[in-house]
Amino acid sequence: AQKITQTQPGMFVQEKEAVTLDCTYDTSDQSYGLFWYKQPSSGEMIFLIYQGSYDEQNATEGRYSLNFQKARKSANLVISASQLGDSAMYFCAMRERGDDKIIFGKGTRLHILP
Amino acid sequence: DAGVIQSPRHEVTEMGQEVTLRCKPISGHNSLFWYRQTMMRGLELLIYFNNNVPIDDSGMPEDRFSAKMPNASFSTLKIQPSEPRDSAVYFCASSFRTGIETQYFGPGTRLLVL
Numbered sequence: 001a002q003k004i005t006q007t008q009p010g011m012f013v014q015e016k017e018a019v020t021l022d023c024t025y026d027t028s029d030q031s032y033g034l035f036w037y038k039q040p041s042s043g044e045m046i047f048l049i050y051q052g053s054y055d056e057q058n059a060t061e062g063r064y065s066l067n068f069q070k071a072r073k074s075a076n077l078v079i080s081a082s083q084l085g086d087s088a089m090y091f092c093a094m095r096e097r098g099d100d101k102i103i104f105g106k107g108t109r110l111h112i113l114p
Numbered sequence: 001d002a003g004v005i006q007s008p009r010h011e012v013t014e015m016g017q018e019v020t021l022r023c024k025p026i027s028g029h030n031s032l033f034w035y036r037q038t039m040m041r042g043l044e045l046l047i048y049f050n051n052n053v054p055i056d057d058s059g060m061p062e063d064r065f066s067a068k069m070p071n072a073s074f075s076t077l078k079i080q081p082s083e084p085r086d087s088a089v090y091f092c093a094s095s096f097r098t099g100i101e102t103q104y105f106g107p108g109t110r111l112l113v114l
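Here the protein sequences line up with chains V and C, keeping their order. Residue numbers for the first sequence follow the working numbering, so the first one is 1 and each next one is one higher. Residue numbers for the second sequence follow the working numbering, so the first one is 1 and each next one is one higher.
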């Protein structure tokens, strides 16, 4: 079974609208971290935001926020006031405590329309 | 602070040639990861090191691939002999090993084997 599921292979969103990229995860560990990365067309993998499983508050970084719903094992990325430069592939990922590896989802390609 | 440094950024070579990819992790990070990304297979973990020691190389596709980390600030991924199907983007990433830490990626090496 996949540990990280991103159900939206592609999304088209109008500029300035808010965007929610879905991510669900599967783990039996109590301690884990959730990450989002952005990969623009230039190819680099850019770390955006991190949420720890014990964090009470949803993580926020500028226009990015992580909507963490632990009971539902959901870690959606919310981008407020989208910009053309947000067009990219977005990867959700998880790291379980005691495991050095990060498990990545297959990604969602976001297109921001002018 | 300098991020993860990879060289070369682009490599074009002919089938059968040896290819060496280089990575300098972020200073102080003690885990280093090599990934390969293709359209068909997505992002794959090839091998990772903790404190310069290879921990898991189960993702290395064949004996043609080898990786070393002679010290904390340098790692190489070698392909010998290279084949056209090795064409991909190869990423190096590093992180702290304590806790549930973020991996930071280098810019990648875009390899084309003709």
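Derived from the structure by calculation, the hints contain no laboratory data. Hints are not guaranteed to be accurate.
BS3-like mimics (lysine-lysine), calculated; alpha carbons at most 27 Å apart, straight line [stated by the list, open to error]:
| no. | chain 1 | residue 1 | chain 2 | residue 2 |
| --- | --- | --- | --- | --- |
| 1 | C | K68 | V | K73 |
| 2 | C | K68 | C | K78 |
| 3 | V | K70 | C | K78 |
| 4 | V | K16 | V | K101 |
| 5 | C | K24 | V | K101 |
| 6 | V | K73 | V | K3 |
| 7 | V | K101 | V | K70 |
| 8 | V | K16 | V | K106 |
| 9 | V | K70 | V | K106 |
Here is what the structure says about each hint:
With a C-alpha separation of about 37 Å, the suggested pair K68/C and K73/V falls outside the 27 Å cut-off, and the hint is violated. A C-alpha spacing of about 9 Å is found between K68/C and K78/C, which places the hinted pair at or below 27 Å, so the restraint holds. Under the criterion of a C-alpha separation no larger than 27 Å, the hint pairing K70/V with K78/C is inconsistent with the structure, at around 41 Å. With a C-alpha separation of about 35 Å, the suggested pairing of K16/V with K101/V is violated against the 27 Å cut-off.
A C-alpha spacing of about 19 Å is found between K24/C and K101/V, which places the hinted pair at or below 27 Å, so the restraint holds. Restraint check for K73/V and K3/V: satisfied, since their Cα atoms lie roughly 10 Å apart, inside the 27 Å limit. Proposed proximity of K101/V and K70/V is supported: the alpha carbons are some 21 Å apart, at most 27 Å. For a cut-off of 27 Å, the pair hint linking K16/V to K106/V stands: about 26 Å separates their Cα positions.
Between K70/V and K106/V the alpha-carbon distance is near 21 Å, which keeps this suggested pair within the 27 Å criterion.
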